[in-house]
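Given next are the chains, with one letter for each unit.
4 protein chains.
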Amino acid sequence: MKTLEAFAPSLRCAAFDFDGVFTDNSVYVSETGEEFVRCSRADGIGLAVLRALGICCVVISTEKNPVVAARCRKLGIEFRQNCDDKVAALSEFLAAEGISMAETSFLGNDVNDLAVLSRVGFPAAVQDAFPAVLQVARWVGQCRGGHGAVREFCEFIAIARQGTKL
Amino acid sequence: MKTLEAFAPSLRCAAFDFDGVFTDNSVYVSETGEEFVRCSRADGIGLAVLRALGICCVVISTEKNPVVAARCRKLGIEFRQNCDDKVAALSEFLAAEGISMAETSFLGNDVNDLAVLSRVGFPAAVQDAFPAVLQVARWVGQCRGGHGAVREFCEFIAIARQGTKL
Amino acid sequence: MKTLEAFAPSLRCAAFDFDGVFTDNSVYVSETGEEFVRCSRADGIGLAVLRALGICCVVISTEKNPVVAARCRKLGIEFRQNCDDKVAALSEFLAAEGISMAETSFLGNDVNDLAVLSRVGFPAAVQDAFPAVLQVARWVGQCRGGHGAVREFCEFIAIARQGTKL
Amino acid sequence: MKTLEAFAPSLRCAAFDFDGVFTDNSVYVSETGEEFVRCSRADGIGLAVLRALGICCVVISTEKNPVVAARCRKLGIEFRQNCDDKVAALSEFLAAEGISMAETSFLGNDVNDLAVLSRVGFPAAVQDAFPAVLQVARWVGQCRGGHGAVREFCEFIAIARQGTKL
Chain R
608 MKTLEAFAPS LRCAAFDFDG VFTDNSVYVS ETGEEFVRCS RADGIGLAVL
658 RALGICCVVI STEKNPVVAA RCRKLGIEFR QNCDDKVAAL SEFLAAEGIS
708 MAETSFLGND VNDLAVLSRV GFPAAVQDAF PAVLQVARWV GQCRGGHGAV
758 REFCEFIAIA RQGTKL
Chain X
608 MKTLEAFAPS LRCAAFDFDG VFTDNSVYVS ETGEEFVRCS RADGIGLAVL
658 RALGICCVVI STEKNPVVAA RCRKLGIEFR QNCDDKVAAL SEFLAAEGIS
708 MAETSFLGND VNDLAVLSRV GFPAAVQDAF PAVLQVARWV GQCRGGHGAV
758 REFCEFIAIA RQGTKL
Chain S
608 MKTLEAFAPS LRCAAFDFDG VFTDNSVYVS ETGEEFVRCS RADGIGLAVL
658 RALGICCVVI STEKNPVVAA RCRKLGIEFR QNCDDKVAAL SEFLAAEGIS
708 MAETSFLGND VNDLAVLSRV GFPAAVQDAF PAVLQVARWV GQCRGGHGAV
758 REFCEFIAIA RQGTKL
Chain C
608 MKTLEAFAPS LRCAAFDFDG VFTDNSVYVS ETGEEFVRCS RADGIGLAVL
658 RALGICCVVI STEKNPVVAA RCRKLGIEFR QNCDDKVAAL SEFLAAEGIS
708 MAETSFLGND VNDLAVLSRV GFPAAVQDAF PAVLQVARWV GQCRGGHGAV
758 REFCEFIAIA RQGTKL
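Protein chains in written order, with the working numbering: chain R, 608 to 773; chain X, 608 to 773; chain S, 608 to 773; chain C, 608 to 773.
In short, the hints are calculated from the structure, not lab data. Hints are supplied without guarantee of correctness; some may be wrong.
It does not matter which identical chain is meant; a pair holds if it fits inside one copy or across any two.
To be verified - Below, in silico cross-link-like pairs of lysine to any residue (SDA-like), each with a Cα-Cα straight-line distance of 25 Å or less:
| id | residue 1 | residue 2 |
| --- | --- | --- |
| 1 | 671 | 683 |
| 2 | 671 | 685 |
| 3 | 609 | 730 |
| 4 | 681 | 640 |
| 5 | 671 | 682 |
| 6 | 609 | 721 |
| 7 | 681 | 721 |
| 8 | 681 | 718 |
| 9 | 671 | 659 |
| 10 | 671 | 762 |
| 11 | 671 | 681 |
| 12 | 671 | 641 |
The structure presented is a predicted model; accordingly, all values stated were derived computationally and were not measured.
The following block holds chain R by itself, in its conformation from the complex (with noise of 0.2 Å):
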């Protein structure tokens, strides 16, 4: 199996949980039911630096609630959400963008990321996964979701595919 610095210069698309992955995996609710989630400024960085190498990102989320697209579109990230099924929406979108599952990867942190970590070429985990998602990942940060995990996930990749840091 190999390691995320050997994949690295294979990944053509980065793929995301939202929830437990760029947040903290709590949620603000109002009295109204209004939500609102939490996340990194630092996040914004490692992004920028995957698109100036080339590389796709998407984030994949079961929730329905707009929080994600607002969070994405600040981010100018594709997303898909309200997703039963990760596996087909993840396939969807690399079919369109003619990328394959091999070249993906998909960092995660919750037993509904299991099926579409399976599928990917490679699975990785936030620092504060579950335990069944950390059994099954090649690579495990060693930041939480919401406190800077995708941006050390990028910068990893960055640094594998350029040699230098961010």
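Fit chains X, S and C to the supplied structure of chain R, relying on the hints for placement.
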């Protein structure tokens, strides 16, 4: 006294306090007094599993702010809020469902849960519950309120009932 | 110098700073400058117990944002905010209530509490108060501001007065 | 290379990054994409002391969201946001004030602060800055961004200048 593992097969209703169990016991207050609470995305998967097992879930809260209702509606679980008497509120709910107190668990955190904890078949507490609650709980989670405590309880029940992980 | 336990029987008014005592000293700011603060649900039970003991509770804050008023109204306690001179504000409040400074405690966290702490009968501090405040406090809680500090202080008084826990 | 204590007497402008310095580098996002940030109430007292010493304070941020302006207005400090080039933005600000880069400090946290940190008289970093920033900083605080980092820096300057604590 039964362990939670031994009690699980007879569990028909899992009752929960709200603040400090579904939340980290914090409340965010706006200039106009609107309230927001911080919950965990992890809890939804746990509750879905209990429902699939046919176990009834209900929140019993003294808090009158509509944020309780907002969160419970998103999670699709029953709730009774603004309850000065949690024992009466839970009794009434269980009577309508045809479930006995003996077949019910309660996961709490603060001293206003003590009366109802003394009446249910299985009293449980989150990791950061107040000392008096920890003292009467027959199961104490490893997760703090709002940080996966509900998910952890549900997962424990599911494993005890099915012998399988989520 | 009396301990808090020895002082408790003569306590008639418990005064508190707001930010850093009822809150974790953070402020959440919106795009339009609206402010939100993070408080603890645990504090309400503590304040209710002090009221039941006939002890007057009041918040004295320099902050002018209406979020102070919003939280105090929910908790049902008196407050004076936008106070450049906390000693004057507390003195005026106590005069109207017929209570002396000597019968009053103050729970603070920052250097703008130093003057009033030097005047009250019992100066106290939260666990994460600034060093200069910790130095003059005759009681320092184990809880941080916004994480149960008010509840802890109230509970300490209640036990000292009644010999019973909440 | 001068220590911050040795540099303090010549300090005429204290410049700061915003996200990760005034905040904990998190951003709270609503369903409509509105952003909120988490700041510390402790910072206000520190900035007031610098102003009293006649030291000019300014925030230089790449972030375009108006939440930066909202917080700076509350604190009463100058700001330049939406700055792709922080060196240019700070230079222009200093020119108008008649202050040189050599008389200026910058407190930063992320790699987009590196260019400006290399130009000012005194580069500083918060405790949880990224490694590349920690490496060039000549002073690293003990406080994390959004948890009193600005207050700590200001207090350090005030003590160095006046020999007195806040």
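Comparing the hints with the structure gives:
| no. | hint | result |
| --- | --- | --- |
| 1 | 671 / 683 | both (19 Å within a copy, 14 Å between copies) |
| 2 | 671 / 685 | both (15 Å within a copy, 21 Å between copies) |
| 3 | 609 / 730 | within (11 Å within a copy, 41 Å between copies) |
| 4 | 681 / 640 | both (22 Å within a copy, 8 Å between copies) |
| 5 | 671 / 682 | both (18 Å within a copy, 12 Å between copies) |
| 6 | 609 / 721 | within (19 Å within a copy, 34 Å between copies) |
| 7 | 681 / 721 | between (27 Å within a copy, 24 Å between copies) |
| 8 | 681 / 718 | between (27 Å within a copy, 20 Å between copies) |
| 9 | 671 / 659 | between (30 Å within a copy, 21 Å between copies) |
| 10 | 671 / 762 | between (29 Å within a copy, 23 Å between copies) |
| 11 | 671 / 681 | both (18 Å within a copy, 11 Å between copies) |
| 12 | 671 / 641 | both (12 Å within a copy, 18 Å between copies) |
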